[in-house]
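> Line by line, the protein sequences are chains A and B.
Each residue of the first sequence is one higher than the last, beginning at 1 in the working numbering.
Each residue of the second sequence is one higher than the last, beginning at 1001 in the working numbering.
Each hint should be verified, as a subset may be incorrect.
Residues of chain B clear of chain A, computed beta-carbon distances all greater than 10 Å [stated by the list, open to error]:
| hint | residue |
| --- | --- |
| 1 | G1085 |
| 2 | G1129 |
| 3 | H1237 |
| 4 | E1448 |
These stretches of chain B come out as covered by chain A in the derived footprint (C-beta under 8 Å, 3 or more residues) [what the hints assert, rightly or not]:
| hint | segment |
| --- | --- |
| 5 | 1218-1228 |
| 6 | 1460-1466 |
Which chain B residues stay away from chain A? Per the calculated CB distances, all over 10 Å, these [stated by the list, open to error]:
| hint | residue |
| --- | --- |
| 7 | K1006 |
| 8 | A1058 |
| 9 | P1134 |
| 10 | M1143 |
| 11 | E1149 |
| 12 | D1151 |
| 13 | V1206 |
| 14 | M1263 |
| 15 | H1357 |
| 16 | M1381 |
| 17 | Y1382 |
| 18 | G1394 |
| 19 | G1435 |
| 20 | A1443 |
| 21 | L1450 |
I should point out that these hints are in silico values taken from the structure, not numbers from a laboratory.
Cβ atoms here follow ideal geometry from the backbone N, Cα and C, with glycine treated the same way.
Each chain, written out:
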Amino acid sequence: MDFLFETKSKPTSVHVSGNRIRVRLENQTFTIDTDSLIEGLKPKDQNLVTVQMKDGSLLRFLKTRSEIFFHWKGETWNAKLAERSYEVAGQTSPEIKSPMPGKVVQISTAVGSEHGLGETLLILEAMKMENAIKAPYPCRVEEIRKQQGELVQQDEVLLILHRIEVEKT
Amino acid sequence: MKPIQKILIANRGEIAVRVIRTAKKMGIKTVAVYSDPDSQSLFVLSADEAYPLGGTDARSSYLNVDKVIEACLATGADAVHPGYGFLSENTDFAKKLEQNGIRFIGPKPHSIEAMGDKIGSRILVAKSGVPVVPGYEGQSQEMSIFKKEADNIGYPVMAKASAGGGGKGMRRINSPDDLESGILSAKREAMSAFGDDRILLEKYIVNPRHVEFQIFGDTQGNIIHLHERDCSLQRRHQKVVEETPAPNFPSSLKSKMAEAAVMAGKAVQYEGAGTVEFILGESGEFYFLEMNTRLQVEHPVSEMTTGLDLVEWQIRVCQGEPLPILQTPPQKGHAVEVRIYAEDPKEGFLPSIGKIHHLSFPTREDLRIDSGVVTGSEITMYYDPMIAKLIVWGEDRETAIQRLVECLSETIVFGPKTNLQFLQKLVSTKEFFQGKVSTHYIADHEVELLKENTKEELKLALAGLFFSSKQNVDPWMA
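For reference, chain A alone in the conformation it holds in the complex (with noise of 0.2 Å):
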């Protein structure tokens, strides 16, 4: 699963895979294995999910709608999702849904058009974050649900498509 996140310098992007968890920075690649990080999850502390580290550290962690904060060894961060990755958002479903609150800024495609894998159809602007939503799968637009400057909340409908079988060469 490749997840993209927002950073100070680029976006940055992470794939997991099983315990194995590889992070593109810019052009290094870095490999992490969970299993020698992760001794078990703790009962829940204070509302904070609370997880025991292989060094006996505890690394407590609380997910908002679309950002995650973390405090681990006397550090707090946090890691916005910048634009989701196709795989994530919709996988097959028909309906592209908002990934957040947010408002449309810019549709970049009609009813009718076809695109393929990763080309952008709809940009949403929150927290003065432009977000590309991405078409998940080769498509034909079905319905356009919104319109340019609408505010949409999560999980919204935002487009519906369908799916085109790509040619095997």
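On the provided structure of chain A, position chain B as indicated by the hints.
What follows is chain B alone, placed relative to chain A:
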């Protein structure tokens, strides 16, 4: 004098919560006043009554004297506690309250006025024998006079704009050769900043410490001191860490400074809680800086080491009672306070606003938390972005600092960025541990104090893992 029945707190946040706590203990009713963004704040919910001032920013609410007085009359409050900041040193407010038959829990207006003016207070306390920074503040702005005066004071000297404030129009001058150019450049800056280019000269104190004394006076003319606080760790003239007793502070020096502090209080017939601030040089020379005619943010360290409740003393003195003790009580152990702010140290400590998704502190006996916010509160752009003051007590200084480091690392704030990590680094430095810091320490060491601990890729990996756990693939959950 009739005992106080109902106190209106002309302040907000942590300060109001602090005053309400003591008033409740004493069986006195409390009234909170609040602006529109504060309507659901902890202090509003904690008070017995709440009165809306309207407005959003401080100017249109907490600083509006007429609105606050109207609130007193409407709620029948017979006294006002101004907290610290806002109207606490506003003589116009104190006088207007008096005219309306409402008691002001603070010094008499004449004391506030006398200490409010930097040059005036300097002349006043110097007359009573308190040392002030040697300097020249005469009328003449002739270069030849400046030269003669600077030679008398001894180099380095500081040229300061007479109308100055906030570090503008200030120049350090190291030798007679630099005098003319330094003064002219200070004058140019003063002219463009304040439209007034008058300059005064002061002795430049190398690597100074900031040590202040808590004093207390009553209506019977008694004034005592309640020990010192060392507030040397500052950033842009804002205190960051405060402690008592001051480290590496010989008792002979302490008694000399304490005596000077009481003299300064007597010079203005001081009533209530006040603080006399001194600048302390490397070789033990000390000078009066200014006197704050109010309770201060860092008063809890004094309370934790003396066992006193200074807000209770303020209320009792206001009711005309004599000080409960007429001699300085002994101090027990050591206390350190840090101020946790919603700010981003990496962005020049810019305030960081937004919702606090989670706020928790460790619970332990030797820790005191003074805070005006809770999980779910909003840090707005309208007011000071303080989240809490964390005050830790220890049998001795080493223990207090070790506990402070632990408490800071167990404090969790999710939402706005905070200075927590910066504070942890600061109180973990060797120099602080040895009590060898000056008011320049933070500015000189900012780069190392701002370094990150955890690697960026590890943070992102953890984030990726926990985000993906939403899809039910937590590898350790099974």
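> Against this structure, judge whether each hint is valid.
Against the structure, the hints:
B:G1085, annotated as away from the interface, keeps every beta carbon of chain A farther than 10 Å; the closest lies near 27 Å. Against chain A, the non-interface label of B:G1129 holds: every CB pair exceeds 10 Å, the least being about 48 Å. For B:H1237, the non-interface assignment is confirmed: its Cβ lies about 27 Å from the closest Cβ of chain A, beyond the 10 Å cut-off. With a cut of 10 Å on Cβ distances, B:E1448 stays outside the contact zone with chain A, its closest approach being about 16 Å.
For the segment 1218-1228 of chain B, the stated coverage by chain A is violated: 0 residues have a C-beta nearer than 8 Å to a C-beta of that chain, whereas at least 3 were required. With 7 residues bearing a CB less than 8 Å from a CB of chain A, the segment 1460-1466 of chain B meets the requirement of three and the coverage assertion stands. Every CB of chain A lies more than 10 Å from the CB of B:K1006, the least distance being 36 Å, so the non-interface label holds. The Cβ of B:A1058 lies farther than 10 Å from every Cβ of chain A, with a closest approach of about 26 Å, so its non-interface assignment holds.
Remark: the non-interface label on B:P1134 is consistent with the geometry, its nearest Cβ contact in chain A lying 45 Å away (cut-off 10 Å). Here B:M1143 stays apart from chain A, with its beta-carbon at least about 50 Å from theirs, past the 10 Å limit. Here B:E1149 stays apart from chain A, with its beta-carbon at least about 50 Å from theirs, past the 10 Å limit. No Cβ of chain A approaches the Cβ of B:D1151 within 10 Å, the least distance being about 52 Å, so the stated non-interface status holds.
Listed as a non-interface residue, B:V1206 keeps its Cβ farther than 10 Å from every Cβ of chain A; the least gap is roughly 34 Å. Against chain A, the non-interface label of B:M1263 holds: every CB pair exceeds 10 Å, the least being about 44 Å. The beta carbon of B:H1357 sits about 6 Å from the closest Cβ of chain A, which is not more than 10 Å, so the claim that it is off the interface is violated. With a minimum CB-CB distance of about 15 Å to chain A, B:M1381 clears the 10 Å threshold, and the non-interface call stands.
Every CB of chain A is more than 10 Å from the CB of B:Y1382 (nearest about 20 Å), matching its label as outside the interface. Every C-beta of chain A lies more than 10 Å from that of B:G1394, the closest at about 19 Å, which supports listing it as non-interface. Non-interface call for B:G1435 relative to chain A: holds, since the shortest CB-CB distance, roughly 23 Å, exceeds 10 Å. Listed as outside the interface, B:A1443 is consistent with that label: its C-beta sits roughly 24 Å from the nearest C-beta of chain A, beyond the 10 Å cut-off.
The Cβ of B:L1450 lies farther than 10 Å from every Cβ of chain A, with a closest approach of about 13 Å, so its non-interface assignment holds.
When each numbered hint is compared with the structure, violations occur for hints 5 and 15.
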